Structure formats: C-alpha cells, structure tokens
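Residue numbers (this note's numbering), protein chains in the order written: chain G, 1 to 293; chain E, 1 to 286; chain W, 1 to 425.
Hints listed in this document are in silico derivations from the structure and should not be mistaken for laboratory results. Any given hint could turn out to be false.
Unchecked claim - Here are the simulated DSS-like pairs of lysine-lysine, each with C-alpha atoms no more than 30 Å apart in a straight line:
hint: 1; chain 1: W; residue 1: LYS237; chain 2: W; residue 2: LYS221
hint: 2; chain 1: W; residue 1: LYS288; chain 2: W; residue 2: LYS359
hint: 3; chain 1: G; residue 1: LYS151; chain 2: W; residue 2: LYS237
hint: 4; chain 1: W; residue 1: LYS369; chain 2: W; residue 2: LYS173
hint: 5; chain 1: W; residue 1: LYS180; chain 2: G; residue 2: LYS256
hint: 6; chain 1: E; residue 1: LYS48; chain 2: W; residue 2: LYS341
hint: 7; chain 1: W; residue 1: LYS180; chain 2: G; residue 2: LYS151
Here the structure is a predicted model, which means the values were calculated and not measured.
Now for the letters of each chain:
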Amino acid sequence: MERHTRFWQCALLALPLLVFGVLVVWPLLSSFYYSFTNWNGFNPHYQFVGFGNFARIFTDHLFANAIINTAIWMAAAIIVPTCLGLGLALLIDSRVPGGAIFKSIFYLPICLSAVVVGQIWVWIYQPDWGLLNTAMSAVTGQPESYAWLAKPDTALYAVIIAWSWQQTGLAMVIFLAGLTAIPHDLLEVCELEGTKFRQRVWHVILPLLRPATVVVVALSVINSLKGFDILYIMTGGGPFHSSDTLAMHMYNESFKKYHMGYGSAISVVLFLIALSIIFIYFRQLKKVDEIYE
Amino acid sequence: MSSVALARADEREFNPWPAVIFVGLVVLAVLFLAPTIGVLLSSLKTTKEISLGELWSLPHSLYLDNYVKILSDPAVHTYLINTALVAAPATAASIALGILAGYVFSKLPFPGSDLLFLAIVSGMFFPPQVILIPLFRLFNGLGLIDTLWPMIFVHTAMGIPICTLLMRNFFATVPSALREAAILEGANEWQVITKVALPLSLPAVAVLATLQFTWIWNDFLWPLIFTHSDAMRTIMLGLVFLKGQYSVAWGVQGALSLVASLPTLLVFLFFQRYFIKGMTMGAVKG
Amino acid sequence: MFNGIQRKLLASVLAVTATVLLFANPALAAGEVTISHYFTGSLGRAGLEDIFAQFKKQTGITVKDSPIGHEDFKTGILVRAAGNDLPDVFSYWAGARTQFVADSGHLHPIDDMWKREDLGDIIAKPIAEGATLYNGHRYLVPFGYHYVGVFYNPHVMKKAGIKEMPKTWDEFKAMCAKLKSQGITPIALGSKNRWPAQFWFDYLLLRTAGPDYRADLMSGKASYTDPQVEKVMGLWKQLIDAGDFAPNSNAATWTDAADKVARGDAAMTLMGTWITGYWNNNKLEPGKDYEFFAFPTVTDGVPKAALGPVDGLVISKNANNVAGAEKLLTFMVANPGVQAKWASIQGALSANVKVDSSKYTSVMRHALKVIQNSDAFAFNYDLATPPPVAEVGLSMFAEFMNDPSGYKEMLKQTQAGASDAFAQQ
Chain G
1 MERHTRFWQC ALLALPLLVF GVLVVWPLLS SFYYSFTNWN GFNPHYQFVG FGNFARIFTD
61 HLFANAIINT AIWMAAAIIV PTCLGLGLAL LIDSRVPGGA IFKSIFYLPI CLSAVVVGQI
121 WVWIYQPDWG LLNTAMSAVT GQPESYAWLA KPDTALYAVI IAWSWQQTGL AMVIFLAGLT
181 AIPHDLLEVC ELEGTKFRQR VWHVILPLLR PATVVVVALS VINSLKGFDI LYIMTGGGPF
241 HSSDTLAMHM YNESFKKYHM GYGSAISVVL FLIALSIIFI YFRQLKKVDE IYE
Chain E
1 MSSVALARAD EREFNPWPAV IFVGLVVLAV LFLAPTIGVL LSSLKTTKEI SLGELWSLPH
61 SLYLDNYVKI LSDPAVHTYL INTALVAAPA TAASIALGIL AGYVFSKLPF PGSDLLFLAI
121 VSGMFFPPQV ILIPLFRLFN GLGLIDTLWP MIFVHTAMGI PICTLLMRNF FATVPSALRE
181 AAILEGANEW QVITKVALPL SLPAVAVLAT LQFTWIWNDF LWPLIFTHSD AMRTIMLGLV
241 FLKGQYSVAW GVQGALSLVA SLPTLLVFLF FQRYFIKGMT MGAVKG
Chain W
1 MFNGIQRKLL ASVLAVTATV LLFANPALAA GEVTISHYFT GSLGRAGLED IFAQFKKQTG
61 ITVKDSPIGH EDFKTGILVR AAGNDLPDVF SYWAGARTQF VADSGHLHPI DDMWKREDLG
121 DIIAKPIAEG ATLYNGHRYL VPFGYHYVGV FYNPHVMKKA GIKEMPKTWD EFKAMCAKLK
181 SQGITPIALG SKNRWPAQFW FDYLLLRTAG PDYRADLMSG KASYTDPQVE KVMGLWKQLI
241 DAGDFAPNSN AATWTDAADK VARGDAAMTL MGTWITGYWN NNKLEPGKDY EFFAFPTVTD
301 GVPKAALGPV DGLVISKNAN NVAGAEKLLT FMVANPGVQA KWASIQGALS ANVKVDSSKY
361 TSVMRHALKV IQNSDAFAFN YDLATPPPVA EVGLSMFAEF MNDPSGYKEM LKQTQAGASD
421 AFAQQ
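So that you can see chain G by itself, here it is in the shape it has in the complex (with noise of 0.2 Å):
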C-alpha cells in the first residue's frame, strides 16, 4: 500500500510539476537573479551590484508610496468583492426568480477585458460628461465637474471601484460552486428545526463554505497584488505616482525607466510579500481539511 501511494504521488505530480518548474520557476529565479545587478534591459554588459538594489528599496519614497497603495487596494480586494460576491451567491441560491440572467449580469465584467473596463471606466468618471457626474448633477440639482481620475487623493479609489466591479462577478462563481458542496439535506433539517435564516448562515454555510472563502480572499490578495491592467489602462499609476502599486512601480522602473535590475530587486520584495500573506492563510486550510475528516 504505502509503495503504491508513492508511485501514484510521483506519478501524479511529475508532468504538473516540470512544466510548472521549466515554465515559472526558471524563468523566475532567473529574473530574480537580474535583481542583483544593475542591467539596464537593452544593454548586454552589466555589473553586479550585490544588495544594493534592495538597499535602494529602503530609501526609494514611490516605493514606500506604492506600498500604502498597495496595502489600501488589498484591504478593499478582501472586503468588498468578497463581501459583495458571498451576498450575491448567497441571495442567487435562493432560487429567486430570474436567478440564470443575475448570474450572468454579474458575471459579464469579468468576460470584458481590461482594455475595455479600463476605457469605459474612464469614460464614466470623465469630469464633463461622464456617467457619475452627470448622475450626481441630476441627482443633486448641481452642476458636478470633478475629475476623479486626476485628483491624487481620489485616483486610486476609483481605480479600484472599477477592479471591484469586474472582480466581485469572480468571488460570485466561486461561492456558487462552493454552496453546491453544502448539503441540501443538512439545511432542510436545520430549517425544520426551526432555526432563522440568520442563524443557518453563520453557523452552517459558513463554515461549510471556507474552502470557497479562502480561496476567494487568496485571489482576492494575489489579484489586488497583481493589480496591473485596469491601473495601466485607467491612470498609469498616475496621477504623478498617486495611484502607483507595487506591480505598477516595477513596471515603471523596468520598462520605463530601464532599470531592470532595480526593478527585479521590487519583484522580489512583492513576491516575499505574497509568499507571507498567503502562508498564513495557508494555515486556516489546515483547519478546514479537519472538518472533513
């Protein structure tokens, strides 16, 4: 039995495995490599400037901006999609009417590529004639003109009001396939026992859900991390910096400002960052397999 076992766990992981390690790991350890040099991207000749690259990280002021922006743009990813999407799922299983054309409005964000979300958006926040103000005119009698998108201290919100708008049809998918691991007949009893619906939300669903949850707050964190597209698109880590991520930062310096080494150095930090957010989140899964078992 045990030989057996690991003949199937070889057998099982070697092809995911090697494609995986030839495709992502090589080539990312090989960029991280670049990280301690200084090369420029277009120029073959470079030289090795050890830690120093990280040393600049410390001292870098759009490096420390990127991170607060990052940070807010992660604490939004985990509470509104998240929450929004649970909402949703939830509200959809019901078997409320209509429930097959809810599911696809919500959803259709997320067919729209980032291209296209981005250039609408901007259309709905232009200052003159944009969606939101000419909402907010006719709501408030007020003639409204901000310019959301170039404003430093709005330009990020509502970056991440678009992201949101395309993610939360995401987290939605994922709760719905994972209420469908919930047992139809566990809540039927729950119901004849007289229990609200209050109640059977949080002390069943729940809990039965975490499996769903975690994985939609993991990709809630890596896709607000990761966060690149939409901003590219919107305000290009603009206005002068306001919106920049961490994502966005490296992209700046490598590709804009050939800094590949320096930039390398910042994609490392960010993956450091992921790595340890994820890790503790890794721990809750070891509690849900107990629930199981």
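With chain G fixed as given, assemble chains E and W onto it according to the hints.
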C-alpha cells in the same frame, strides 16, 4: 433552500423578504450593467460623436457601421481563431494538470507536500512582466517565436497554481471514506480520481473552465511578446492596436470589445449549469 | 470532450508546423526584410502597407511588418533586444531614446549607406545632424518629423474680435485676457498622459534661456534648481493663476483638448502637427477650421528654436538582411512620392527636402516656413533627455499642472531624481 421557507411563510403571513431581495438584486444588476451598456453605446456611435462627449446619450439612429467593419475584416477572423486555438488547449491542459496535482495534495499528502503546495501556489505571486524576458529568450532559442505554441505553454503553466489551489480545496471536501471504500473494492488512484473525486467536484472544474478560458482569452501580454506577424495575433492585440499614437477609434474599439467578449460569455453560459445544487454529498451521511 | 480537444490540438499543430516551416524557409530570407514599427492607426497601417507593396514591386524584396502600439512598442523592442531577436529594421524616436539604444550596441551604423546614397543632400537640414548622428556615426534615417505650435480655432478668434496673433509674451497674455473677458477658455491642455505638458516647459525654456542652456539641462550639465528653470515655472504659473488653462488638464487626453478647441469650447492648444492628421480625419478644414501661430518670443535676443519629434528608422546590428534593410531605408526616405504620401497621412513634415511643398496643406506649408526661419530645431523633452530622467520630469509637469504653488520644492525633487538617474547611466 429557502424556497421551503418561502412557501411556508406565505401560508402564515406576507413575507416581504423575497420581494426586497428581488428588488435589491435588480437595482444592483442595473448598476452593474451600466458600464457594459456604455460599451454597447460606444459601439453604436462614431468616433467623432464620442469625441464630442455624446457617449452617454441614446443614439439617434442605429449606427451599425462599426460592427460591419470589424465583422467583415479578415484579420479579425484570424485573430478570433488564433485566440480560440490558444485558449481551448491551454484551459484544458492547465485544468488537467491542476486536477493531478490537487488530488495528490489533498488525498495523498506526504511530508513536505504542504510546502510544495505553497510553492506551486506562489506561482501566482508575481506580475507576469517579471518573467517576460527569460521566457522570450527561452522560446526564441527554441525557434518558436511568432507561433501559437509559446502562448499555449505559458498559459498552461501560469494556470497550474490556481487550478491546483481550487481542485485541492474541492477535493478536500470529498470524504476520505469514499476513497478508502473504492480502494478496498480494488480501484487504483486513477480510477478514484476519474470515478469518485472528479464527478463530485464538477462544479469546481466548471468554474475553472470558465475562469481560465476567460483569463487566457482576455490576455494580451503574452501575445504581445510572442507574436510578430498578423497571422499569429490574437483578438486582444487587435483591440489594443486599434489606437494609433496620434489617432483613436472609439466606435470600432467598442464594437470589437463586445464581439471579443462574446466567446467568454458563451463559455460561462455553457458551464454555469454545473453550479447546480444538490449534486453532491448523497453518499455519506453525518 | 477529449476528442474535440485532440482535434483542436492536431489542427493547431499542423497549422503551426506549416507556419514555422514557412518562415524558416531559407530561400525566402534572402528576399525579405523584417520591420517593426509603432504606426498602428488604421490610416498609418494602410499607408505603410501600400509603401511596402511599392517597395516590393521596385526591388522584389518582401517586407514582413509587425506593427505594435507605441507604448507597447517600447516594451516589445526592449524584450526583443534583451533576447537578441530584433527585427532587421525598426522605427524609433530620434534623440535621447535612440542614443540609449545606440549606446547598448544594438544598432548597425549606416555611414556608408549615407555617403553612397548622398542622403545629406536629401534630408531636411534642421533635423539632419541632431536626428541622425550618435557617438560620431550615423544610425538613424529620419522618416518624418513634426512641429509643435499653438494651434487655434479661427472661428473662436474671429468671434472674440482677435485679428492678429501674438508675437510676444505680453501680447499673448493680453490675448488670453481678452478671450477670458468674453467667457472663452483660452488654452486647452490634455495632460492625462503627461507628455503634452512638456511643450510648455520646452518652449518657455527655449524662449528665455535659449537652446544651448536647454541642451545642458537635458544632458545633466545644468540643474533643475537653476534660476533659469525657476523663471520658466514662474512664467508658466502666471498663466495657470490667471485661469488661462481649462480646468482639470490632468483629466483630459490630448485628443480631448483638441476636441475642445474644435468644438469652440477653448481657443487654442499647444500641440504637434499630428493634430492636423487627427482634425483632418474629423473633417475639419486646414486654414479655415484650424491654424497655428508660433510660440511667442519671451526674452528678446534669444535664438528662436523650433520644437518637435522626429520619427526615424534604424537597422539592428544582427539584422538578417542588412543589404535589404539599407535598401528599404533609402527607399522610405529618398522616394519623394512615398514621403509625400506618408507626410499627409500622419500630418507630418517630410524628412525629404525634395518633396514638392505644394503637396502640403496650407497649415503644413506654414509650419515648414517657420522651421526654415528658425535658428535651431530641438527635440521635445521626453526625446531630448534620457528616458529615466524623462520619467521624473514628466511626472513633475503633471504635478505642476495639478497645483503649481509648490513648484520650488518640485524642482528640488526633480533635480534629485534626475541626478540620480544620470549617475546610474
């Protein structure tokens, strides 16, 4: 679930909650649809109209020129076919590999498997721009630049972390008792996967199929780097390059965006029926 | 389900193998030149396809082109350079950016071709030296160039009673005041992508401190904290404080600003001649619906410089077909028909002096005349200073347009960032 509660409530008194929920959902749905309607509006207008700030008004007439232009463009057809040729195999391959790996991590753990799992999941922890150059060099060395292969391989590899994560978590909800029972009856692990675990985890596979296809379809970074000629390009590149350095093409871009998002929507509509309740957990009580 | 996928895989394998074989065929390589460029607007692409077809008819060489949007182009070229797989020919921006690429040894020097084809006689004098010479060698052939001027809406000016365009700074400020008194926004600026704001900095610096000082600033010999630069920001601030700029410049792109002027909501915008291509496409008439005047003189006695970007073509060092590439470059710049057609599509000026100026619109002829009467031609900020420094400066311009009050502090930070970037060169 609460349909039972709804039925019983009706017998006793007027329960406002279903109506409230429905209205709430409708309001949210309208809010969520607003941006998409904006894209639709942009596709029915000329670039000039949008430049004049008239995007958010109802069109006076049905201007279908943008759609005619892109649907009759043979380049667009090529782009769509190429994108399908990349997205379908890559989706299938990444899910297959995720199933294999996820099964081992959830049902056949070994000392250190948790760390290995974390290592695989960490493959999601970096922006793809980080490995642009190493991967370009790799495929250039293999002579595969300007073909569809690099995109298929890279999307497969980049999809392994999320597929493994989801499959592992959903396999974990399949009780080990089921697996042990099957093995006692003489099944090997492969049969356990295909006949026991997978059928119970179909919702997860359906979700992955939808999400992976969507992500791969909407990607433009890898096609940007790995393709040079029009014959190999994907639809997202076609979309991005409608803009010139000194020119814009809003109307056509809107139309192409909607056309380009139809396949992913269709894939979702096809797979979403598998998020149905009550397909699991019949076998083991308590 | 597997059958469908197997079939698709087989189809893609066959398709891809066929394609790989097709492109790997050595017999084709001899008569083939690969080019990558950033002209992706529909007009530009169609125009280039015609030009390449013409080239094939003339020489039998097939041009395999790969257009990429200009922002992504920068990323794409960088990746190809790092992977040693640059196309034979690629378009690039003359000035500091080409200097950057030349310094890393990726370009093939074209001194021989220059002499052979007497390109010195053909290429417009104002841009010839600055655009083509790097480290003492010729590397780039200019393909087209633009001029930056103050483009205005004649209808708006007429309605406001402005008959003569300003020649001096005081006249300019007076004109803005007159426009404001009639409720017309004088200047539209679309600095969302930062770069449109640079022209204000460039011209104010050129008109006060002169092209020589500016060249020093661009190369790191002068400092952003110098009094000359402070004076420039002060003058710029005067305009902003007087309310001469439309509000929220950072929310608008350059096309938004151009649209404002075309609609009559603003009177003028400082932009390059490519705006004529954009406006022509929107069916505006040159001369009637739009015209320009040169940026006014600010300080007397300062040499009057013209500003604009130069688009060029370069050959990569490891090109597969150097001979073919050189033929293509020569064809693109020396053939007056090709040049005239390209210039009209892009709203650019031809790099070839032999192009009959009657092929230009009245506005472009006006631009040509202004350049010919200028004392110097300068590249705009983000093409005149190395890319890492340009990034710092461009962000500062955007910050300035958001709120100019703290500009002295902004200049200090810019200098810190710039000297940092120069040190790492």
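Just pull the numbers of the violated hints for me, sorted ascending. Violated: hint 5 alone.
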